[in-house]
Amino acid sequence: MNGVPDVPVHRPSDRAANRLPEGQVNRLRYAFYPGCTAHASARDYTRSTYATFRALGIELEEVPGWSCCGSTAVSNVDPLLGMALSARNLALAESTGLDLAVTCNACYANLAPTLEAYREERRVRDRLQRVLDAVDRHLEAEREVKHGVHILTHDLGLDQVEERVRRPLDGVKAVPYYGCLLSRPRNPYEDPENPTSLDELLASLGAEVLPFERKTKCCGGSFMNTKEEVALRLTFEILEEARERGAHLIVCACAMCQLNLDAYRGKLRARYGTYHDTPVLYFTQAVGLALGLGCRDLAIGQSFVPADRLLGLR
Amino acid sequence: MAVAESTLSGPKTREVLPEETRSRFFPAQVEDISGQSIWACMQCGTCTGSCQLAQEMDHTPRRIMEMVRTGLREQVLTSRAIWYCASCHSCTVRCPRGIQVTRVMITLKSLALRAGHVSPRDDAPAFYESFLRVLRLFGRMHEPTLVTAYALRTRPTRVLGMMPMALGLMRRGRMAPLPDRAPGLAELRRLMAAVERVRDSESAGAREVGIRVEQAPRARGEEVMAR
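Chain order of the listed sequences is A and B. According to our numbering, the residues represented by the first sequence are 1 to 314, in order. According to our numbering, the residues represented by the second sequence are 1 to 227, in order.
Hints should not be assumed to be uniformly reliable.
[Claimed, not checked] If you anchor each label on the Cβ, the simulated ranges turn out as follows: (1) A:164 / B:203: 54 to 62 angstroms; (2) B:189 / A:277: 41 to 49 angstroms; (3) A:306 / B:96: 40 to 48 angstroms; (4) A:136 / B:58: 45 to 53 angstroms; (5) B:43 / A:163: 46 to 54 angstroms; (6) B:203 / A:228: 35 to 43 angstroms; (7) B:121 / A:57: 48 to 56 angstroms; (8) A:95 / B:189: 18 to 26 angstroms; (9) B:42 / A:136: 39 to 47 angstroms; (10) A:228 / B:43: 30 to 38 angstroms; (11) B:203 / A:208: 51 to 59 angstroms.
[Claimed, not checked] Reference excerpt, derived from the structure (chain A facing chain B, CB under 10 angstroms, subset only): (12) 37; (13) 41; (14) 65; (15) 80; (16) 81; (17) 92; (18) 109; (19) 124; (20) 181; (21) 185; (22) 220; (23) 303.
[As the list claims (entries may be wrong)] No more than 25 angstroms apart at the CA atoms, straight line, and that leaves these computed lysine to aspartate or glutamate pairs for DMTMM-like: (24) A:217 / A:191; (25) A:173 / A:193; (26) A:173 / A:200; (27) A:173 / A:213; (28) A:217 / A:228; (29) A:267 / A:308; (30) A:217 / B:56; (31) A:173 / A:162; (32) A:217 / B:122; (33) A:267 / A:229; (34) A:267 / B:143; (35) A:217 / A:237; (36) A:267 / A:237; (37) A:267 / B:122; (38) A:267 / B:56; (39) A:217 / A:200; (40) A:173 / A:159.
No lab work stands behind these hints: they were computed from the structure. Every residue, glycine too, gets a C-beta built ideally from N, C-alpha and C.
Please work from the sequences and hints to get the whole structure.
What follows is the structure in structure tokens.
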């Protein structure tokens with residue numbers, strides 16, 4: 001393939017392999033919180049994140065000793081424990097002296113609001129400090145938590161992304177799916193009702209970005225396990241709108257959203273009689289493709305609905 | 001349910017409901033844990049109008065807010081509505097009074113679990129508790145252990161229904177056969193114990209001022225794991 005940079009295969013345990021080559025200017029560097037799905041159902045997300053960020057000159061350093069952030073489940077059982085888990089991970093991330101990058105919306109929606117509450121709500125801060133003291137950790141709360149999307153659109157800048165595009169997504173009609181937690185409950189870079197960063201990012205890759213009313217609607221999250229019928233309805237509505245609008249591609253920014261939208265097509269057909277063949281890529285895969293990275297580096301063949309055929313990449 | 005129905009007509013019912021059906025301290029307890037001023041709610045119904053799951057609920061979010069203020073503790077904690085909140089925060093960003101309704105809902109779910117008041121028809125509590133147990137074991141989530149633990153707690157035959165998904169993930173290299181243990185697991189367990197201690201000391205304080213407090217019923221074997 002032409003113009004494809006040589007990106008080594010990423011192994012999460014091998015941190016040195018993610019460092020930039022000698023001599024390359026090191027402009028952006030973050031601590032990276034991969035989240036528990038990183039080595040499992042969203043292995044493809046992690047792999048494409050490392051490949052794409054590296055190709056953009058962004059260095060990621062895995063947070064040493066990170067644990068589960070609790071997702072939405074732990075807060076439902078025990079709100080204080082949910083925040084305590086996030087606070088400990090934030091303290092670990094802070095020890096690297098870097099801002100924290102997160103790519104899973106569910107992790108982001110635990111870490112960022114905990115940091116915010118820690119800064120702004122005295123009572124929360126007191127409680128969390130008592131808990132952290134017990135494990136000899138300290139949280140200064142002077143570093144930021146950022147979602148990978150905003151690192152590309154704001155820290156790096158859309159012009160920088162555009163400059164590095166080698167294989168624009170010309171002729172690809174894409175809809176951005178933000179899910180619940182990228183813009184809510186609060187995100188400094190987004191309007192909670194109508195976020196636009198993913199739209200802009202996709203446009204900078206050369207894709208035709210379609211309006212998408214359900215871009216922030218819920219995909220059902222863990223209800224896929226506990227109330228499958230409800231989750232299938234929510235997923236169906238999202239896929240159906242994408243189909244009606246003629247999208248070739250859905251681009252998301254969350255490990256759980258991708259799985260819900262990608263992996264249940266058979267069940268949806270059985271229930272609603274419509275088969276949706278629109279592939280769902282992570283934003284890191286879409287960006288990586290436009291940068292000229294190969295499907296292997298971006299782990300594109302690992303989704304349930306194949307995207308490589310549609311994009312004419314093989 | 002006559003009592004619950006009467007909450008539809010708003011604040012006036014608080015005066016006509018017999019004292020013994022209401023918990024005077026419930027509103028304060030919810031405010032304390034959630035950090036939200038539920039008395040700021042003006043019952044406009046924007047939360048209900050924004051909720052994608054409201055049609056599945058037995059009481060809408062607006063009504064839950066009013067039921068909390070009325071002190072209808074048992075009805076709120078045994079309602080199915082709270083388990084249909086997906087934590088999508090749509091209500092939170094639209095509330096004209098700035099109440100983080102999602103945090104109120106999370107509080108209600110945790111109180112229901114602590115009081116052992118969970119509707120047996122809902123599987124969500126079992127899922128959340130299974131999640132917490134796997135977290136205690138490994139410090140990181142392991143999806144196969146989670147869904148197996150959850151199936152065993154709810155409907156063991158579920159495991160069969162999950163096989164196609166498991167195989168699909170495995171075929172695509174998206175399943176980790178073995179759990180990934182977080183380094184510093186002992187520290188993590190100390191952290192969990194510290195959370196319990198903070199809560200216990202606050203419960204003791206709350207008892208002194210008359211707030212009724214429930215202790216979490218510990219799952220079997222959990223103490224052992226927590227060590």
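Against the structure, the hints:
no. : hint                              : in the structure
1   : A:164 / B:203: 54 to 62 angstroms : holds, 56 angstroms
2   : B:189 / A:277: 41 to 49 angstroms : holds, 46 angstroms
3   : A:306 / B:96: 40 to 48 angstroms  : holds, 46 angstroms
4   : A:136 / B:58: 45 to 53 angstroms  : holds, 46 angstroms
5   : B:43 / A:163: 46 to 54 angstroms  : holds, 53 angstroms
6   : B:203 / A:228: 35 to 43 angstroms : holds, 37 angstroms
7   : B:121 / A:57: 48 to 56 angstroms  : holds, 53 angstroms
8   : A:95 / B:189: 18 to 26 angstroms  : holds, 20 angstroms
9   : B:42 / A:136: 39 to 47 angstroms  : holds, 46 angstroms
10  : A:228 / B:43: 30 to 38 angstroms  : holds, 33 angstroms
11  : B:203 / A:208: 51 to 59 angstroms : holds, 57 angstroms
12  : 37                                : holds, 8 angstroms
13  : 41                                : holds, 5 angstroms
14  : 65                                : holds, 4 angstroms
15  : 80                                : holds, 5 angstroms
16  : 81                                : holds, 5 angstroms
17  : 92                                : holds, 9 angstroms
18  : 109                               : holds, 8 angstroms
19  : 124                               : holds, 7 angstroms
20  : 181                               : holds, 7 angstroms
21  : 185                               : holds, 4 angstroms
22  : 220                               : holds, 7 angstroms
23  : 303                               : holds, 7 angstroms
24  : A:217 / A:191                     : holds, 14 angstroms
25  : A:173 / A:193                     : holds, 22 angstroms
26  : A:173 / A:200                     : holds, 14 angstroms
27  : A:173 / A:213                     : holds, 15 angstroms
28  : A:217 / A:228                     : holds, 17 angstroms
29  : A:267 / A:308                     : holds, 23 angstroms
30  : A:217 / B:56                      : holds, 16 angstroms
31  : A:173 / A:162                     : holds, 18 angstroms
32  : A:217 / B:122                     : holds, 23 angstroms
33  : A:267 / A:229                     : holds, 10 angstroms
34  : A:267 / B:143                     : holds, 20 angstroms
35  : A:217 / A:237                     : holds, 9 angstroms
36  : A:267 / A:237                     : holds, 14 angstroms
37  : A:267 / B:122                     : holds, 21 angstroms
38  : A:267 / B:56                      : holds, 21 angstroms
39  : A:217 / A:200                     : holds, 19 angstroms
40  : A:173 / A:159                     : holds, 21 angstroms
Going down the numbered hints, you'll see the structure goes against none, and every one checks out.
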